[in-house]
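In order, the protein sequence lines correspond to chains U and Y. So for the first sequence, the numbering used here puts the first residue at 115; every next one is plus one. So for the second sequence, the numbering used here puts the first residue at 115; every next one is plus one.
Just so you know, these hints were derived from the structure itself, not from any lab. Source: prediction; values computed, not measured. Treat the hints with care, as some may be off.
No distinction is drawn between identical chains; accordingly, a pair holds when it is met within one copy or between any pair of copies.
Cross-link-like lysine-lysine pairs, in silico, DSBU-like; alpha carbons within 35 Å at most [stated by the list, open to error]:
| no. | residue 1 | residue 2 |
| --- | --- | --- |
| 1 | LYS525 | LYS335 |
| 2 | LYS338 | LYS121 |
| 3 | LYS304 | LYS206 |
| 4 | LYS164 | LYS467 |
| 5 | LYS505 | LYS188 |
| 6 | LYS532 | LYS400 |
| 7 | LYS344 | LYS496 |
| 8 | LYS149 | LYS518 |
| 9 | LYS141 | LYS184 |
| 10 | LYS121 | LYS357 |
There are 2 protein chains.
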Amino acid sequence: MSKINTKPLSGFMELKPAEQILFDKIKKTIEENYKLFGFIPMDNPLIERKEVLFAKAGGETETQIYELEKGDEKLALRFDLTVPLARYVADKYGELTFPFKRYQIAKVYRGERPQAGRFREFYQADIDIIGNENLPLSYDAEVIAIAIKIFQDLNLDATVRINNRKLFNGLFEFLNLSEKAESLMQIIDKLEKVGEEKIREYFLDEGLGESEISKIFEFLKIRKVEGLEKIKIENGIFEEGVKEVKEVFENLKALNISEEKFLLDTSIARGLGYYTGTIYETRLNKYPEFGSVCSGGRYENLASEYIDKKLPGVGISIGLSRLFDQLLKKGVIEPKEASYTKILILPLSENEKEFSLNLLSKIRAEKIPAEIDLDFDRKMQKRAKYAEKLKIPFVLFVGEDEVKDNIFSLKNFNTGEKIENLDFRKMLELLV
Amino acid sequence: MSKINTKPLSGFMELKPAEQILFDKIKKTIEENYKLFGFIPMDNPLIERKEVLFAKAGGETETQIYELEKGDEKLALRFDLTVPLARYVADKYGELTFPFKRYQIAKVYRGERPQAGRFREFYQADIDIIGNENLPLSYDAEVIAIAIKIFQDLNLDATVRINNRKLFNGLFEFLNLSEKAESLMQIIDKLEKVGEEKIREYFLDEGLGESEISKIFEFLKIRKVEGLEKIKIENGIFEEGVKEVKEVFENLKALNISEEKFLLDTSIARGLGYYTGTIYETRLNKYPEFGSVCSGGRYENLASEYIDKKLPGVGISIGLSRLFDQLLKKGVIEPKEASYTKILILPLSENEKEFSLNLLSKIRAEKIPAEIDLDFDRKMQKRAKYAEKLKIPFVLFVGEDEVKDNIFSLKNFNTGEKIENLDFRKMLELLV
C-alpha cells in the first residue's frame, strides 16, 4: 500500500456521489432563480494578479490569501466574487450594458486555520446589480425578493432582515457620535452574540453617556417601519434612511411577497464601512444557530480602486458550501438519489445484447437517462445489485421472450412491484 | 486613474456576457448528455496535496504545476481531472458502487508559457467508467456513443477515430520491436503532422529495416475492420486487439449510431504508456486544423499510486475551453443571446409602479425570466435601450390604460412588430 495520503484536505468539502447530486440540485435551484430575475452568468478566472486582490482585501482577509508564483507574475486565488467582479466591470466598462446584473456561483479560497464549519475552499452564490453613476432604489427590493424566492423553493423557512446604514449614520450624527460610528457599529454587530448587558458595557467603555445609550437601544429595538417614524431623531440622513426603508417595503408588497418573509431589524449592522444603504441578513427560522445564510446590501462604489467611474451597486451572497454542510449535518436535507438513471437494462445473455443495446438507444433518444449491463460473466443477482445500490427505480430484464414479442416487464426497485405486459410506449410512460 | 492592471491574465479565458451565455449553453449540452448516459457528478477540490499530483504528473506537466503554500502544507492546483478522480476513488473505494461512472466539467491549471490557443486555466469535460478488478469491453462503445451524441447536439459534424493499443503492441511483438514500442509510438503520433516521408526517416534512425517499415505502413493505412483481418500479423495480442475493435464496432451499430460518425484509424497512437486498449480521437470534419477535440481510451489501472486495487477504466475528455475558443474565433458559433430575460416591463410613471411590480411577480411565477425598470428620472427611450442592447425580445409599456383595462401591447424588439390587445394569459403564451 502506498503512503500517499488520499484523504481530502481539511477545510475542503468533498462530497460522496449522492451528496453531490443533492448539492447540484440546490445549486441549480439558486441558478434558475438568478436567471428568472434577469441575471447574466459570469465565470471569470479563479486566479487574479496579487495587486488586484490586495487593493481590496485588507484586515484578516489579506492574511488568508493563497499566493502562487509562476514566472514573473505574482498571482493569487480570489477570496470572494466581488473583487473579480469589480475588476471585470472596470476592464469591460465600455462594453457592458448598465444596470449590469450578473450572477456567479463559484468557488473562492481563504487559507484559514481549519476549524469546524469553516471552509478554505467554498462556493459562494452571488448576485450584484451595478449601475453606471446611479442605481435606483427599486433594485434593493429585487434582491430581497430573489432571496425569499430561493429559500421558498428550497423548502427552507427563512426571513430576510432588512436595515439601512443611513439610519445608523443619521442616529450617530444626531447624537454627535459620528466619529465613533465605525466602532459603535462593530459593537452593535455583537448584540445577538453577547446580549444587551455586555453591549451596554462596551458603550460605556467608548465613553457614551446614559441618554445616548438609551437612545441607541430605543432605536435597536424597532421592528416595524412605523417605529422609525415615531422615534424622535431629527436628522436629514436618518430621514433619508426611513424613506428608503419605506420604499423597499412598499416594493416588496407590490411584488406579492408574503409579509412574514421579511422584517425590519434595526440591530443588524453588517460590520465595516463597505455598505452605504440597505443591508440584509437572512436567517432560517428553525435554525437560528446557522447565523445569516444570505447577506448583502447597497454600496456606493464597486470599483474605485480600478476605475474612475462611480459604480453603485446592490447585491447578496449565499454561502452555499457552508449552508449545505450545516443542512446536511443537521439532517434538514438528506441525499436520496444516488444516480440520475431511471432504468437499468439487463439482458440475460449475449443473445439479447444487440436487441438490448438497440432498446437502450431508443430510451435515451427520449431523453430518459438509461444504462445497460453487459457483464455476462457475473451472476444476474450481482448485476442487478448495481440498480439497488444506486436506487435506480426500474430494472428491465431482457430474455428470449422480450426479443421475440417486444413486450416488457419492469421491476420497480423502490417498491418491489413488477409491472407487466408493457409495450415500448407504455414502458416509456412509466419512466418519465 | 489607478495603475492597477485590470486586464485578464494572458492564458486565462474571460468571456463577455453574451459569450458566457453561449459557453454555458454548450457546457449544459455536454452535462445533460453525461447524465443521460448514467454518469454521476463529481466536484472535488481544485487544490490537492503536492505529493498526490506529483505521483502522477511527470515530464512537462510536472513543470507546469501551480504550487501554493500555506502553513505546513504543500499544496498545488490540479492539472487535470484524472488524478483527483484517482485519489477520490482510492479514498472512497469502500463506499462507491462499481462500475463507477462519474462526470466532471471543471477547471484545471497548467502554468504554460502563454501562446496562442493555449490556456493556463481551462475547462475539461471528462467522463470515466471505473471497474473494480475488471470492466467489460462494452463500456468502450458507450463512451464513443456519448461523444458522438454530444457533437450531434452541438451541430458539429464530428467523426470519432477508433484504434486499439493492442494492435500496436501485437504488431511490434510480431516484428520483434517490443523494446522500441514507446519511441515508435511517439513517432507514429507525428504522422499527420510531418507526413510519411519524415516518419520513414525517423524509423530508419531507429534502426528499422525496409520490411519492418513497410509492414508498419501497411498497418497504418488500414481504415476498415476487415483490413485488420486481412493483414498478415500472426500474434496473440494483435488478434486480441482485432477482436476488441470488432466488438466495439458491433456495439456501436447495435446502438443505432450512423456509420459515418466513427471509423477505424490505425494511425492514432495517443502518446505515452497510459492507455492499454481502445483509444479515441475526435475530429471536426470541417475543421481538421482544430486537432482532436475529444480524446480518451481504455486504461489498465487508474489509481495504483494510491491504492492496492486493480481499477481498470475507460474515459474521454473534451477540451471545452480550447474548443469554445476555436469555434468562436473561426465564427462557427456566434453569441446571440445577451440575456435570459424574455420581457422588460416599463411603467410610464410612478403611478403604474405598484401595478407593474405586481405584474412582474405574476410573470416570474410562470417561470418566465422578466425584468422591470423603475428609473423614472431617465427618458423612456433610454430606458428601453436596455432591452435593445440585451436583445430582450419583448418590451411592455405600462400606462394608465393598461392599469385600467388589464389589456397589454407587446413590442417585439427583434422584429419591431407590435402585438396588441393581449390579456394576461395571451401575453404569457407569447413569452414562453
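Taking the hints in turn, this is what the structure says about them:
1. In the homo-oligomer, the alpha carbons of LYS525 and LYS335 never lie at most 35 Å apart, since the shortest distance is 61 Å inside one protomer and 49 Å across protomers.
2. For a Cα distance limit of 35 Å, the shortest separation of LYS338 from LYS121 qualifies neither inside one copy, at 50 Å, nor across copies, at 47 Å.
3. In this assembly of identical chains, LYS304 and LYS206 lie within 35 Å of each other by CA distance neither inside one copy nor across copies; the values are 39 Å within and 41 Å between.
4. Proximity of LYS164 to LYS467 under the C-alpha cut-off of 35 Å is found in neither arrangement, the shortest distances being 58 Å within a copy and 45 Å between copies.
5. For a Cα distance limit of 35 Å, the shortest separation of LYS505 from LYS188 qualifies neither inside one copy, at 48 Å, nor across copies, at 39 Å.
6. For the homomeric pair LYS532 and LYS400, neither the shortest alpha-carbon distance inside one copy (41 Å) nor that between copies (49 Å) is at most 35 Å.
7. In the homo-oligomer, the alpha carbons of LYS344 and LYS496 never lie at most 35 Å apart, since the shortest distance is 73 Å inside one protomer and 40 Å across protomers.
8. Taking the shortest Cα distances, LYS149 and LYS518 sit within 35 Å of each other only across copies (31 Å), while inside one copy they are farther apart (49 Å).
9. In this assembly of identical chains, the alpha carbons of LYS141 and LYS184 lie at most 35 Å apart whether taken from the same copy (33 Å) or from different copies (29 Å).
10. In this assembly of identical chains, the alpha carbons of LYS121 and LYS357 never lie at most 35 Å apart, being 54 Å within a copy and 40 Å across copies at closest.
Hints 1, 2, 3, 4, 5, 6, 7 and 10, counting from the list given before, are not met by this structure.
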